[in-house]
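> In case you want the letters, here they are:
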Amino acid sequence: MNRPITLTALCLLVLLPMPSAAPAEPLSGGEILRQVDRNLQPGDLEMYRKIINIEPDGKQKEFVLWFLKKDRDKVVTLFISPASEEGRATLRLGDNMWLYIPNVGKPIRITSMQSVVGGVFNNADIMRLDYGVEYDVAGLTGDQGEYLLDLKAKSGAVAYDRLKMWVLEEELVPTRIECYAATGMLIKTLHFKEIRDIGDGVVRPAVMETDSPLYKGYKSIMISANLKKRSLPDEVFTLNYLPRVKDLR
Amino acid sequence: MRTRISLTLMLVLLGRALVLHAGEYDFAIPEAEKKSYDLGGRLETRVIHHRLNDDSARNALTYYGKDPGNAHTEWRGLVELSGSYGREVWRAFLLTHHEFVDTEEDDGWDHDIYEGFVSLTPSAHLTLDAGKKRILWGKGYAWNPAGFLNRPKDPDDPALNLEGRVFAGADLIKSLPAGPLSNIGITALVLPVLGDWANEDLGGEGDLYAALKIYLLWYDTDIDFIYFDGPDQPRSLGLDFAKNLAENFEVHGEFAFQQDAARRALDPGGLARETREDQMSFLLGLRYLNAIETTFIVEYYHNDGGLNENELEDFFAYQTAALEEWDRTGRNEILQRANLVTRPLSMGRNLGTDYLYVRVSQKEPFDILYFNPWAAAVVNLQDLSFNVQPGMTWVPVTNLEINFRVGIPIGPPGTEFGEKPDALRPEFWVRYYF
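If you're matching them up, the sequences are chains A and C in order.
Reading the first sequence from the start, the letters are residues 0 to 248 in numbering that gives the first Met the number 0.
Reading the second sequence from the start, the letters are residues 0 to 433 in numbering that gives the first Met the number 0.
Simulated from the structure, these hints should not be mistaken for laboratory data.
As a list, the in silico DSS-like pairs of lysine-lysine whose alpha-carbon atoms are at most 30 Å apart:
hint, chain 1, residue 1, chain 2, residue 2
1, A, K69, C, K34
2, A, K228, C, K33
3, A, K69, A, K105
4, C, K152, A, K245
5, A, K163, C, K362
6, A, K187, A, K60
7, A, K151, A, K163
8, C, K173, A, K228
9, A, K245, A, K228
10, C, K242, A, K187
11, A, K187, A, K153
12, C, K33, A, K105
13, A, K215, C, K362
14, C, K242, A, K69
15, C, K173, A, K105
16, A, K215, A, K60
17, A, K60, C, K34
18, A, K163, A, K153
19, A, K105, C, K152
Calculated Cβ distances over 12 Å to all of chain C for the following chain A residues:
hint, residue
20, G42
21, K163
22, W165
23, E170
24, V172
Short derived list, chain A residues pointing at chain C, Cβ under 8 Å:
hint, residue
25, K49
26, N102
27, M112
28, V235
Ideal Cβ placement from N, Cα and C applies to all residues, glycine included.
Based on the sequences and whatever the hints tell you, model everything.
Laid out in structure tokens, this is it:
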């Protein structure tokens, strides 16, 4: 009597689907990009960023800025160091960017390819929106434990026409991004390093380094720290508010 | 016990220091510490060499009876101090300006409060300001016809601080959810004239002036509607816009209508006449950045209140005639009078009605970081005289900025730039921020 029951149980065990052992559904390119965005800039937040421009002779210049982000397409940065830049603020709303210089007294429109700090980083790098806002996934391949995403700009208003993004399969954060112009010329490469908790439990690469064939021997580094999840009213992300955004620190 | 605590504390601090500086990167950002106050300022020294234009009637009028030689040098030393203090919803701000000027004609200190105001921000939607604060409206780079309250600016030295205006004002902001209209901002100001320290250039003691600016971000375009009115100023309506057409291409413009505005001109006999008329000025401009990071700015400006071609000819003809008469008769009062009637017009930034501004700047050429050479030109489109001005800005070390430019006015006698007092105007200045 016991024998048929045991046999039946064994058969059932073999026949029943075992969810834990089933192969995981592979992620699509779009899902990978969404997860990369969520891991790099998780929701509404504030954080500090230190930008270091390094010249071939080792000479360095540092800038510290306060970075605010809301939704997927609203960014404000405020320079707090050095003294010559203190009080400068930038605003990005989608493709629109403005710079406010206290001495000038009015915000002026700037473009993504300009740089408010000199060096290799341009405004698009410093005030970067979620990648998914600006790029579509045009291709996905694997490359030694990493996904390789081929990203195509959604419009001509985006700083780089194509990106090649290498993403760690497990952590779903980028390790390297190559940025190309519409002509196919490599403009710069971004290297993501030092995965760690940068604040409020957010674990992601804390360091982004960039070099460019256009600036041979020069390097710029952006270090992210002191992240806090913080939601501010939409009105903070407006031109009229830009001159007094420092009051929110 | 105390020794043990000290030892533990030292080990903790040492451990923390090692952690922070472990590896290649320093993750510490001490500037992130929040302060309720800010203190800062800048020092500046500026040397301007004036190589005088022998053909300039203006020089003859300025220096008659003196021998200025063929050149002189002007020196300016400047200290600006700024501070702010804030708690919760309010913040107070102060910017003082202290300048020593040593010129051919004069030397001495000038002390001013450029800004001193209190701001109250009870919510992100509303800010109230009272005091003296900088106002700079309009989108133009070289001129702002719709900036009715703006102080004169130097487009080739944009970091120069400008004196504020005394006002009480409110600023309202509203962000809108998805749709073509994303933001609305309303700025309303009341400007009193008080003694010789508050808006005395606008009108008489006790006058009140009103200004309103409505900002819209509509279809990714900045649009401002501007209104300004008061007892001694023409009723003025302005419109400006700016839009990025591509990631490296921006267009902007301003339109200004002034009702019953004063128009000043001279007849060939030197008789000053002031008439009243409606004036419509405008500016159209663009900014373009190419692949090698050269920025081009081009602006066309129509100044409806400027001297037209005939008036410009009359103006210079009168100056020349006055000089010739003085040569003949030796009567100083001829030049005194000529100086008196022409100075108000010639002191303005531009005399004529139609101008072109072109500026080309190159970011960090030859891989020299923080070095930006540029060249700008202002062309009077009526007489085709112009001023070419090459220059550069370089920040060799943090907080130290070195600037150089040379103004070269070019044009025959009897044209705006051909009559400029300087034939060549090299200028060098250094700023240190702290």
